[in-house]
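The residues making up each chain are set out below.
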Amino acid sequence: MEFRIARRRTLLALAAIGAGALAAPVIAQDGPITIGVQVPTTGPEATYGNDMLNAVKVAVEEINGDGGLLGRQVELAVGDSACDPQASVNAASKLASQEVDGVVGGYCSGATLPTLKVYGDANIPFVITASNSTKLIPANPGNAFMINSTGADQSTKVVDFLSGKGVETLAIVDQGDAYSQDLANLTAERWKEAGHEVVATETVNKGEQDYSALTTKIRSLNPDAVLWTAYYADGGLLIRQLRQSGYQGVIAVGDGSNSPKLFEIAGQAAEGVFGFSNPTAEFLPAAASFIESYKAANDNAPGPYAPLTYDGMKLLAWAIDKAGTTDHAAVIEALASADQAEWLSGPISFTDENTLARSNFIVLEGKDGAWTRAAE
Amino acid sequence: MLPFKTAARRAEAQDNDPAPARPLAGITQLQQWFGRPATFRGAMAGIVLLLILGPFVFSQYITVIMTNALLYVVLCLGLNVVVGKAGLLDLGYAAFFAVGAYTTGILTLQFGWNFWASIPVALVAAAISGVIIGGPTLRLRSDYLAIVTLGFGEIVRFSARNLEITGAASGLSGIQQPRLFGWTIDSAVDFYYVFVVLAIGAVIASIRLSDSRIGRAWLYVRHDEDAAEAMGINRVAVKLAAYVTGAIYGAIGGIFFAVNLGAISPESFSFEQSVLILMAVILGGMGKIPGVILGAFIIVLGPELLRDLGELRLLVFAIGLLLIMLFRPSGIWPGRTQ
Amino acid sequence: MTTFDILAQQLVNGLVLGSFYALVALGYTMIFGVIKLLNFAHGDVYMIGGFVGFAVLSLVGGLVGTGWGGIALSMFVSMIAVGFLGVVIERIAYHPMLAAPRLSILITALAVSLVLQNSVLALTGGEFTAFRTNLGFGGIALGGVFITYNQMVLVGMAAILMLALETFVTRTQYGRAMRAVSIDKDMCRLMGIDVTKIIAVTFLIGSALAAAAGTMAGAYYGSIWYFMGFLIGLKAFTAAVIGGIGSIPGAMAGGLILGLLEAFGTQIPFIGSEWKDVFSFSILILVLVFKPTGLFGKSEVERM
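Protein chains in written order, with this note's numbering: chain A, 1 to 376; chain B, 1 to 338; chain C, 1 to 304.
Just so you know, these hints were derived from the structure itself, not from any lab.
Fair warning: there could be bad hints in the mix.
[Stated by the list, open to error] To spell it out: a stretch of chain B is covered by chain C in this simulated footprint if at least three of its residues, at any positions, have a beta carbon under 8 Å from a beta carbon of chain C; those stretches are:
#, segment
1, 149 to 159
2, 266 to 279
3, 307 to 319
Positions of the beta carbon are idealized from the N, C-alpha and C atoms, including for glycine.
Construct all of the structure, not just a fragment, from the sequences and the given hints.
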């Protein structure tokens, strides 16, 4: 099997040399279109990876239900990145060797970064739906598209909103991973620029459970607001313990905590908590049906990156459809020209750096155990 | 395990082992594994040929995971010096791996050094960290050693995560691929060959070390520390040498790991990483070089072969590990001395 | 809050956290005592304890409520079930390995840990499960220090369990046999002690204590997931070593010390909480450098 593939690759390579160009898939295929999904399905980040995978499955089911793509069915190939740089390179190489027609996913910026080269060398279109470190931008060979806004946009929104609420002193808590640390640092910088005070920047370990020492410290510093920049699972615990410790101020959470599951974990304590988010899920009419399909298929509510990842899959399908072929260069060109508005996360179009052109963060508020749109 | 070796010869070998005076050229040990020299030469030539021709046959994916397996061969042989040879349980080996990777990353990125110039500095840094970690642990025995090395491993990882110079949690990215005589080492196949060379080098070095004075001293200390000391072996120096040697192997792996991926972040140097390397060493057969190599391949290739199982792959892999250990408690290819 | 209040509050925090560490550390230390194994699967046994407790509470919660009564009942059931799971693990995975080199059994323990973790990952899809109870946030305020009733119950339960264990180990036939086995297994055999049975009893008790901690942690913090045993396993291992591995009072003390270290470590001026673990591990290394056998450990010559 490997022998056969290798021989074909050699022939292709020879053909490419002859033509002086990269070989495009020459033979028209009638088999399924294969899309790679690069997410962590094992290890401590599997919670979020499985959530993203489930969202892709919902999208693919819809696509196949509507007659497929270019008249062909869509199949998925899952590459478990395990949130580890080496494991993700292995996964990406496998997907590249399987000659997938495109890849969606990308969670954990550190693990996504080294895969850019792998997909870049094979010129495979890659829609990155969660990783949003600014370090990805210079490493992008041009085939990758980031549909999650970077921390810069979000921190601006956070500073605007909290300043408007009359907050003067702020404590920021992250989880020591690239995403939450990035958002924490950017917000701290901007908060100081805006003339306010950051009383503490703290880091907790993922899965620590007990944050009482930290909540005591925060209560003693008594900031006007506490900002949590990481994910809902540990965020839920932190919110609970902050309120238990008697902290009365404003609590705000970043977009990684934008999940209904936050309320399951934090319970009553999450009432009145502010969240920042793309206008996802329940706040757009189109999203209602997504949430329904997701819940029907998975028996639980979608997590923070599910809508974006669903969008990523749909966007890739849209691009393949627009290109009318699975030819990589044509699909990448189609992606670059995206300017549609009908996505769950709002309109998607790209800058010259293949990052999201617009950012329209909205503010949510926890009310009666669910997120509602907050008055801004 | 070795059907063509007579019981008498085996007994003789055991009697001699670990007599420090036994004259052994490095190659003799290899010959013993394969019985007759002709078979040995054939097998060696076959393996080397296979490694060289590999990329012409492999898909890119296979090339990448073979590269990864060869990296693990280097790391496992390094840890084998510490655990297998000197008998010091180390649960923080990833720290040395990190020191190598970060030194090269920082020097080339932040200070604009040439990659090759960073190598000696990384090796010195690793040797120093070997002394720092080895130093306080010399008075400790096995289990306390385990937790201290674990602690050091975590301290290194937390520092990498918190410091500005190491790029904090995002790590370092954009590490330049090295150039050698006008040729840039950058494709997956290039790095495959780099790691073939490193792995072969590591194997040869390990064989030479086993048969050297210091190799026998390690064995002696491992068997009976007090007796070794009574025989005039400097226990402290010998143990420190084991740490430093292991650290240098780890750093070499780390240096080339950094340039291969072009980006490093703290996730690569976690406790799990240390555990994985230790698992490979013990699984294959601690102390014995072919066993350790086999262990490295199993640890890397096992989860890859099971990739299609999705989230079940680690479960199946772990059950496999468990069964292997139950049926071969001393490892798959154990050394003669336990 | 005054400085005194802050420190007193951190003392409370440290005691609560330390109680969890101590309960898990006890299992580590007991198992190490009898078979000289660093049971890396112990943190995952704690995790399973949390899930079993949750399952039981879901079943009986409607009848007995989800207050401390219901939680105590599910904790009890979880202790029994997980205690036997511990015995089964020992039978299947460790018993055949007792004659093997000591490091081999370590790998077996790591494999068991992976099996437990990934089984629960497969069953839950990696989801965080909300552990719903109707425990309130109520408590009493002593000056600026606030202690919740939950914290009091929790520390109380942990104290009762540890006291029961101490009584068992010092006052009963089995307990004495257990201590004897940890000193010299071969001699015990000669004396007619059923060593295999004692090892099984040790696993039963060690795992039951971890299960108790797992259920209490789930109820107290409000969520459980497949990876929750990893970090506490690491911390409890550290605690057991600080106290002197193999020593039961050492594990209790080690757990509390580590809990307090972490609580006060957060409070160190000019150093953010991101350095808290570096602080704890540095203290650990210092302790071992100056007292290589831990605080309560006996010095003995051993080799691998």
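Comparing the hints with the structure gives:
no. : hint       : result
1   : 149 to 159 : holds (count 7)
2   : 266 to 279 : holds (count 4)
3   : 307 to 319 : holds (count 7)
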